[in-house]
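So the chains spell out like this:
Number of protein chains: 2
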Amino acid sequence: MLDQIIPFAGAPSKNEISQRITNVQSGMADQGLDFYLCVNPDNIFYLTNFANFVHERPFILLVPSKGKPVFLMPKLEEPHVRSRSVGELEYLHYFEFPAPTGQQWSDRLTTVLLAEHKVGIETFCPMAIAREVPGSIEATDIVDEVRMIKSEYEIGRIAYTCNLLSKGHAQLLTGARPGRMIVELHSQATSTMTKRMLMDNPNSNLLNSKFAAIAQPPEISHDPHNFTDVFMKFAQGGPHVSIVSGLANGYGGEVERTFFMNTVPEKARAPFNDMLEGRALAYELTVPGNSMSEVDRKVNDFFKSKGYGPNLLHRTGHSFGVTNHEAPFLAEGYEHEIKPGMVFSIEPGFYIQGVGGFRFSDTVLITEKGNKKLTDAPESLEELTVDGKPSFVDSAKSLMMKVLTKGSKN
Amino acid sequence: MLDQIIPFAGAPSKNEISQRITNVQSGMADQGLDFYLCVNPDNIFYLTNFANFVHERPFILLVPSKGKPVFLMPKLEEPHVRSRSVGELEYLHYFEFPAPTGQQWSDRLTTVLLAEHKVGIETFCPMAIAREVPGSIEATDIVDEVRMIKSEYEIGRIAYTCNLLSKGHAQLLTGARPGRMIVELHSQATSTMTKRMLMDNPNSNLLNSKFAAIAQPPEISHDPHNFTDVFMKFAQGGPHVSIVSGLANGYGGEVERTFFMNTVPEKARAPFNDMLEGRALAYELTVPGNSMSEVDRKVNDFFKSKGYGPNLLHRTGHSFGVTNHEAPFLAEGYEHEIKPGMVFSIEPGFYIQGVGGFRFSDTVLITEKGNKKLTDAPESLEELTVDGKPSFVDSAKSLMMKVLTKGSKN
Numbered sequence: 002m003l004d005q006i007i008p009f010a011g012a013p014s015k016n017e018i019s020q021r022i023t024n025v026q027s028g029m030a031d032q033g034l035d036f037y038l039c040v041n042p043d044n045i046f047y048l049t050n051f052a053n054f055v056h057e058r059p060f061i062l063l064v065p066s067k068g069k070p071v072f073l074m075p076k077l078e079e080p081h082v083r084s085r086s087v088g089e090l091e092y093l094h095y096f097e098f099p100a101p102t103g104q105q106w107s108d109r110l111t112t113v114l115l116a117e118h119k120v121g122i123e124t125f126c127p128m129a130i131a132r133e134v135p136g137s138i139e140a141t142d143i144v145d146e147v148r149m150i151k152s153e154y155e156i157g158r159i160a161y162t163c164n165l166l167s168k169g170h171a172q173l174l175t176g177a178r179p180g181r182m183i184v185e186l187h188s189q190a191t192s193t194m195t196k197r198m199l200m201d202n203p204n205s206n207l208l209n210s211k212f213a214a215i216a217q218p219p220e221i222s223h224d225p226h227n228f229t230d231v232f233m234k235f236a237q238g239g240p241h242v243s244i245v246s247g248l249a250n251g252y253g254g255e256v257e258r259t260f261f262m263n264t265v266p267e268k269a270r271a272p273f274n275d276m277l278e279g280r281a282l283a284y285e286l287t288v289p290g291n292s293m294s295e296v297d298r299k300v301n302d303f304f305k306s307k308g309y310g311p312n313l314l315h316r317t318g319h320s321f322g323v324t325n326h327e328a329p330f331l332a333e334g335y336e337h338e339i340k341p342g343m344v345f346s347i348e349p350g351f352y353i354q355g356v357g358g359f360r361f362s363d364t365v366l367i368t369e370k371g372n373k374k375l376t377d378a379p380e381s382l383e384e385l386t387v388d389g390k391p392s393f394v395d396s397a398k399s400l401m402m403k404v405l406t407k408g409s410k411n
Numbered sequence: 002m003l004d005q006i007i008p009f010a011g012a013p014s015k016n017e018i019s020q021r022i023t024n025v026q027s028g029m030a031d032q033g034l035d036f037y038l039c040v041n042p043d044n045i046f047y048l049t050n051f052a053n054f055v056h057e058r059p060f061i062l063l064v065p066s067k068g069k070p071v072f073l074m075p076k077l078e079e080p081h082v083r084s085r086s087v088g089e090l091e092y093l094h095y096f097e098f099p100a101p102t103g104q105q106w107s108d109r110l111t112t113v114l115l116a117e118h119k120v121g122i123e124t125f126c127p128m129a130i131a132r133e134v135p136g137s138i139e140a141t142d143i144v145d146e147v148r149m150i151k152s153e154y155e156i157g158r159i160a161y162t163c164n165l166l167s168k169g170h171a172q173l174l175t176g177a178r179p180g181r182m183i184v185e186l187h188s189q190a191t192s193t194m195t196k197r198m199l200m201d202n203p204n205s206n207l208l209n210s211k212f213a214a215i216a217q218p219p220e221i222s223h224d225p226h227n228f229t230d231v232f233m234k235f236a237q238g239g240p241h242v243s244i245v246s247g248l249a250n251g252y253g254g255e256v257e258r259t260f261f262m263n264t265v266p267e268k269a270r271a272p273f274n275d276m277l278e279g280r281a282l283a284y285e286l287t288v289p290g291n292s293m294s295e296v297d298r299k300v301n302d303f304f305k306s307k308g309y310g311p312n313l314l315h316r317t318g319h320s321f322g323v324t325n326h327e328a329p330f331l332a333e334g335y336e337h338e339i340k341p342g343m344v345f346s347i348e349p350g351f352y353i354q355g356v357g358g359f360r361f362s363d364t365v366l367i368t369e370k371g372n373k374k375l376t377d378a379p380e381s382l383e384e385l386t387v388d389g390k391p392s393f394v395d396s397a398k399s400l401m402m403k404v405l406t407k408g409s410k411n
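Line by line, the protein sequences are chains A and B. Residues 2 to 411 (this note's numbering) are what the first sequence spells out, left to right. Residues 2 to 411 (this note's numbering) are what the second sequence spells out, left to right.
For reference, chain A alone in the conformation it holds in the complex:
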């Protein structure tokens, strides 16, 4: 099953959703829970296909040990919850938040949850919700655990997102030129991805869709979460680090590359190759049966042996699903076994002040025996040294701008 991936853009079937509920109920049975209470919008989307606006009005999904979930929500939201949700649900609404005593969401909650119930809640659950639960509560991430192993449907959806992102990444590399504003290509590539998604599925939910197609230019690529300057430009040389990531109608992925424009600085060659070597090791290790912690430790040990210890800033990978950043993690100290059907980013990297950042990331499915990349982008230094010369069209545009702005201030 995990070798035949069919990219898919549509909504889940009732069976898909009911299987997820069954999996959650099975986890609940192991822990002797009467109800499981979800407020995390990602978990609610996973179990209902409904992506909510989260303001201060609570949406609470109550999964009973048997039978269909009860969805508690503001009255205002019920019509489109009904039109968007998939699967069997019992609807329960409250009028408004805040509300007079007796008409609050918590009053409705206690029509379902009783003092004798043992209720599982997410570790994400805010205190304000947890403290209103009658009976005993137990913080346990059952839905997050179920989400770790992807169904055939989910793999198809993630593969679909990865196809969009791979095209967006190609568009970014093709359009990059020294001096061009990165935000310009971000606009173009995200617009292309959004339109493609809407053509493939006109019912796509924009509340649950977002795309980014950016790159860090050489002067800041050593600081991998620095996006503070909106007007950053591509530059001659490198390393640049591209980041194309997104959530297409509820399913996530990412693809990232270290790349150069026209020339490769001599000081960047050895780090680039060392990063590739660490990455090859990560792919070799990220297979069923291995420990997630061990993957990260061995990759970090390899980088440390090459002298990059002080340049490490993050773990080897994270997972995807209904988000593009979630558990499980390829991280030292995270002692869990890698299993078929999981999806990880494999993105070991390091960051050298004065040289730049070195990281590739792909969205990778764990198969029965190994792993398989769902994203696609160039991998060799040759392919990633892109031709950044202004095109004929750019030259013409630039000339036209000069003529049009003649006489205006610089």
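Some clues are possibly wrong.
A pair holds if it fits inside one copy or across any two, identical chains being indistinguishable in the list.
Said to hold, decoys possible - Listed next, the in silico DSSO-like pairs over lysine-lysine satisfying Cα-Cα at most 27 Å (straight line):
1) Lys76 with Lys234
2) Lys76 with Lys268
3) Lys211 with Lys234
4) Lys76 with Lys307
5) Lys234 with Lys168
6) Lys196 with Lys211
7) Lys196 with Lys234
8) Lys299 with Lys76
9) Lys305 with Lys268
10) Lys340 with Lys370
11) Lys76 with Lys305
12) Lys168 with Lys211
13) Lys69 with Lys15
14) Lys234 with Lys268
15) Lys211 with Lys373
16) Lys390 with Lys268
Derived from the structure by calculation, the hints contain no laboratory data.
Let chain A serve as the given structure and place chain B on it in line with the hints.
Chain B only, in chain A's frame:
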């Protein structure tokens, strides 16, 4: 002070931030707290000017009873926290999440918080954070309380956002024509607002900026949170309900109108006037010294007396600040006093299946003696019956499309 509003696009001063910390510390003293722990990104932004990407790696701001806050964060994020933040901070980082025992974020936390400390936490605080706090915890929304009264700086920032939104709203009404896709105008107006913001302050943080400029056409305006169809079009007649809202570099606002295109259906006239009457009552009541609960109750009673009881779906208003939806609320059951320096949406409305939605919303400052709208949009039925005839340019475009697509399938 509250009568002289100076719209302002820049970052807060050190003094502005330090005054906020002082206000929080004063609230902490009243409750005998040694530390206050913030994880809500909005509260962290309010107290540091740093808007974070929230993934699974915790950012925790610890405000002590005296002196400067300690900001616990992933190592990866420290450089741009330092470049973005305003005010005195002590930086404390952990390497990664997850991490081996002894190197986790919670290990760092316990270098600051001790077993004998009394620690305030947000009601928003997730269980996963709350349970790692040594010592006794008390869920209390001190920062949210401080945020309720706006400083001169904040009023300037909100007024600035409201100016952008008012322009975006005018652009939406000007461009609306029967048959035109709403998403097309949304793209245009949000792009205009974003560009204007970046021109006024090139350091604006896009992580903390978002704009919407949409409208619900007559067939769904009775269902006020229904945005499920991406391809919705403006239509002849009405009521349409516009929603122009946003967060410009961290400060929020909204402006909304019920409007018509070319003609006003007879059945919509009385509801439109009744809504205006309820709205006038809300403005009269939303003044210093009055109870927030009472405003909503009296407005609802007025609507009920007109027979709209079954058509009510939401409270009269909510507040703005570093979000565009927050406490305090003009809501029955919310027993708090209205004070100068608060900012509310005043948006009483009702929704009639088969007729449509009736609601105006503005962002309104409470002054020493009354209130003052910070947003600006037409208010009369005449001005809100817009000329929706295709323009010459539209006709030419449409003709050109016909020529270009001649022979292609419909």
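Checked hints:
no., hint, result
1, Lys76 with Lys234, "between (48 Å within a copy, 26 Å between copies)"
2, Lys76 with Lys268, "between (61 Å within a copy, 25 Å between copies)"
3, Lys211 with Lys234, "both (22 Å within a copy, 22 Å between copies)"
4, Lys76 with Lys307, "between (60 Å within a copy, 21 Å between copies)"
5, Lys234 with Lys168, "within (21 Å within a copy, 30 Å between copies)"
6, Lys196 with Lys211, "both (12 Å within a copy, 20 Å between copies)"
7, Lys196 with Lys234, "both (25 Å within a copy, 17 Å between copies)"
8, Lys299 with Lys76, "between (52 Å within a copy, 21 Å between copies)"
9, Lys305 with Lys268, "within (18 Å within a copy, 75 Å between copies)"
10, Lys340 with Lys370, "within (10 Å within a copy, 65 Å between copies)"
11, Lys76 with Lys305, "between (56 Å within a copy, 18 Å between copies)"
12, Lys168 with Lys211, "both (15 Å within a copy, 26 Å between copies)"
13, Lys69 with Lys15, "within (12 Å within a copy, 53 Å between copies)"
14, Lys234 with Lys268, "within (22 Å within a copy, 56 Å between copies)"
15, Lys211 with Lys373, "within (24 Å within a copy, 36 Å between copies)"
16, Lys390 with Lys268, "within (23 Å within a copy, 63 Å between copies)"
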